[in-house]
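Chemist: Taken in sequence, the protein lines are chains A and B. For the first sequence, our numbering begins at 914 and goes up steadily by one. For the second sequence, our numbering begins at 31 and goes up steadily by one.
If a hint is listed, it holds; no wrong ones were tucked in.
Subject to a maximum C-alpha distance of 30 Å in a straight line, what follows is the list of computed BS3-like cross-link-like pairs (lysine-lysine):
#1 Lys-57/B with Lys-76/B
#2 Lys-1072/A with Lys-1011/A
#3 Lys-43/B with Lys-76/B
#4 Lys-49/B with Lys-1196/A
#5 Lys-1196/A with Lys-43/B
#6 Lys-43/B with Lys-33/B
#7 Lys-33/B with Lys-76/B
#8 Lys-1036/A with Lys-1011/A
#9 Lys-76/B with Lys-1196/A
#10 Lys-57/B with Lys-33/B
#11 Lys-33/B with Lys-1196/A
#12 Lys-1038/A with Lys-987/A
To be clear about the criterion: a stretch of chain B counts as covered by chain A if any three or more of its residues have a C-beta under 8 Å from a C-beta of chain A, and this derived list gives those stretches:
#13 113–122
#14 127–139
Away from chain B, derived, C-beta distances all over 12 Å, residues of chain A:
#15 Ala-1008
#16 Pro-1028
#17 Val-1083
#18 Ile-1085
#19 Gly-1089
#20 Thr-1101
#21 Phe-1151
#22 Val-1170
#23 Leu-1188
If you're looking for bench data, these hints aren't it; they were derived computationally from the structure. Just so it is clear, CB atoms sit at the ideal spot from N, CA and C, and this is done for glycine as well.
Single-letter residue listing:
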Amino acid sequence: MNLTIREALLAFRRAPLLSALSVTTIAFSLFVLGLFGLVAVNFQRALNEIAQRVEIVAYLLPGTPGETVTLALKDIEAFPEVQAANYVSEDSALARAKRELVEFRDQYRELENNPLPASIEVKLKPSFRDAAHVNVVADRLRGFGFVDDVHFGRDWVEKLDRLRQLAAAVGIVVGGAFAAVAIIIIGTTIRMAVLQRSREIAIMRLVGATDGFIRRPFLLQGTIKGLLGGLVAMGFSFGAYYLINRFLIQATFFTEVQALAIVGFGALIGLMGSLLSVGRHLKRV
Amino acid sequence: MIKFTNVFKAFPKGGLALKDVSFHIAKGEFAFLTGHSGAGKSTVLKLVFAEERPTSGEVRVSGFNVSDLPTRAIPMLRRRLGIVFQDFRLLEDRMAAENVAFALEVTGARRATIPARVMRVLTQVGLAAKAQAYPRELSGGEQQRVAIARALVNEPTVLLADEPTGNLDERATRGVFQLLRDINASGTAVVMATHDLDLVRQAPYRVIELQEGAVVFDSAVDEPRGQAAPTT
Ligand SMILES: Nc1ncnc2c1ncn2[C@@H]1O[C@H](COP(=O)(O)OP(=O)(O)OP(=O)(O)O)[C@@H](O)[C@H]1O
Ligand SMILES: [Mg+2]
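Next comes chain B alone, as it looks inside the complex (with noise of 0.2 Å):
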């Protein structure tokens, strides 16, 4: 599904954010990215979504080799992808239902499908009812909802989420955790980078722990039936 081998990612300006990092996520697993800030989380999610290309080594994800894959065949990548932040990124002039149909309209799905889809996704987050509110109108645990169902609605294989939880109070991060958790449930991989140790310790899920650019616990190589967070 996502496979990393020996990856480096040097930026011009700046070091290297990612040295020798390899890794297997599975078909429906979820892993967590941890790590401290500036350890080179965000560096490995973009380069699964092919925001950035690989320096050396090979990535992998669902098909698509990231490192040679040509430019205009970035958006098919993307299409089997779901992708959330910390900052949701929705667009203001939009109601909810409509951001989440924005994905579906500019990637050419057909139009008398569009407001079912929408529907069915915003009701699994759990925000049928806020379907006319406009994101200002939303508390941040509701528009990461929103981002989730937009990313949902295109049936990814894969969510990536960058810090979903970053914004958002304990009870919010609760919510929308437990609704990746169902998500994940239903099939789809998650991979979530985060800073949130409580909630890495809460769930019996693979971490993959970053410093520095490197791969220095990984529990699925590591302890391979133990739960136990990483103690950093």
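This is chain A alone, in the form it adopts within the complex (with noise of 0.2 Å):
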């Protein structure tokens, strides 16, 4: 087998435990990144399905005749922005409540006149899901003299982005610290892994390695370390979504490319550690 290889490996042997702990606290810092990742991975999906079902409701005044509102759903559907625009009567928004909203179905019955205002449900095209169009075309609706009220997602979609970001910029801190934890670590690890083979290193340098050469094993051996914390951490995290998936809600998890990319900075970490470290301790033996 290749030296460099060999002597990475070996450090395992070497140095068990403490290899064992750099492990762990590469794989913990990256769970704690990946739980939040996850949180943020699924709000991110809630979002996109709440996207997905964007509408603007007018809710129209009291006794607005039918040929009126006939004509404004043509004038909407007319809307560059609009994919579909429906009337919504009194009696079907009550029939509606009654069907959706069980808890409240007995007062519903109790009720004498009908407290459901008429409105009118405006879809636009998907390309104009977003915050800006929405409002373009909430306020055009509040131009027709009979519309009362709008009414659109916004407040939850910012609620909810706002609770991703939250999410992500948790899991980015906490994660950091772990991980700044980790690569302290992994410095340890490989200052005694230098002061232990001082004796060989004098010698490598003595025959004509180049530095280059006798830092390798030491990279190597970090980046492994971060590479088995990344497989860990993902392991776990994967565990984790399993049961929030079938006890609690259904979740998604990492994508491909997200699974590999945590991995990925597991490994990075590993080989930064062993960097800051290694270069520093050489200079000493």
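Put the complex together from the two separate chains, hints included.
Modeler: What follows is the structure in structure tokens.
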């Protein structure tokens, strides 16, 4: 076997405890990152689904004549952003409420007159389903004299989006803190390995090994630890996802690219830890 | 081959280790470096293999200028040199043959060529039969032979030996010294630092004597034909 690879792998036998500790901290760091990542990914998915359903509802003043509405519908459907516009009469609104809001069915039954207004539900074309266009269309709808009020899901979208950003930020901060700890621990491991092998390193130098060659096993060793940590973290993340999916809510897992990126980030942490440490300590032996 | 020109070496702590040292060792020559403990013998050798840099003056070693050799180029210089020490510096967890092979592996020799080259030098130093022995299973003299084999395996033009017989008894000393003479006879220059004046007197080689960091005697300069050793 190649000397570099052999030496890198020997490190696990020479210092099994420290190696395990390095792998564990990297795994933990990435697991934390992974958990918050999962939350972010799933919020993103929820957001996309809501965006799919972006609808603008224009509530009409009571007693708006049917012909007026029919004409307005034609106008609205002619908007370039609009895919479809539907009229929901007072009666059908009540019927729908009774159907969908099971808890309130009894209360509605006792009502003497229908409190629900008629409305026009406007669905936008996919490419116009964003906050800016929603606002434009909503403003235009307000321009109709018989429109009382215009509602759309913007608040929800923005709240979810903020939550997603929060999850991502917390994940990055906490994961980053663990990554820093992992880098320090890897650095310590490398330091010990360098000291342990100082005789060997001195001899390598004496017979003309380049610094790059001397460094390589240490860097490889750190990278392997990072890679292992990343794989372990991915395993745990998948476990967490599986449990959530099974017992809490339907969720999605990372895409292959995202999963690879997290494992790759582990390798990067390992490489960084050894890179930051090895040069400094090689100078001293 | 090795040329010192007005070399001074000062260590940060401590005074001048070398003062105005100049000499020239030719290709294929055998030269002793002698002098009391602390005279600067090891320092001269360290300058040759660029472990240390001269404070002033010029050190040239087979085409390399050690005075301003970039650190990255030091390995290239060392691959032209073989270096042995009093304390052998073998790796305890590797067999004799592996210790020798190590010098080839870490300098990127082609793997297929390694076993044959290792066996050839082990045969040269008379240790072919002990190729599979660990250092702890070898006598001091044998360990030094392994170290010499490791120094030779990259086919150096100069062999540097810092008191190579310092830890050996008389018999082993004679054996190792004879080996160095044989190596020199086959064309490799040898620079050997030693305290052992008996050894120095035995052979008709160049003697450079240092005292407190200065060259006080150089047989090539002071008695060009003579063979007498200095009388320190
Ligand atoms: N790294 C160093 N830092 C400070 N002083 C040093 C260093 N190396 C050597 N010296 C000093 O330089 C002088 C020469 O040392 P050197 O090792 O060359 O002597 P030497 O002739 O090899 O002695 P010995 O026969 O005991 O090996 C000594 O005074 C020593 O203390
Ligand atoms: Mg010395």
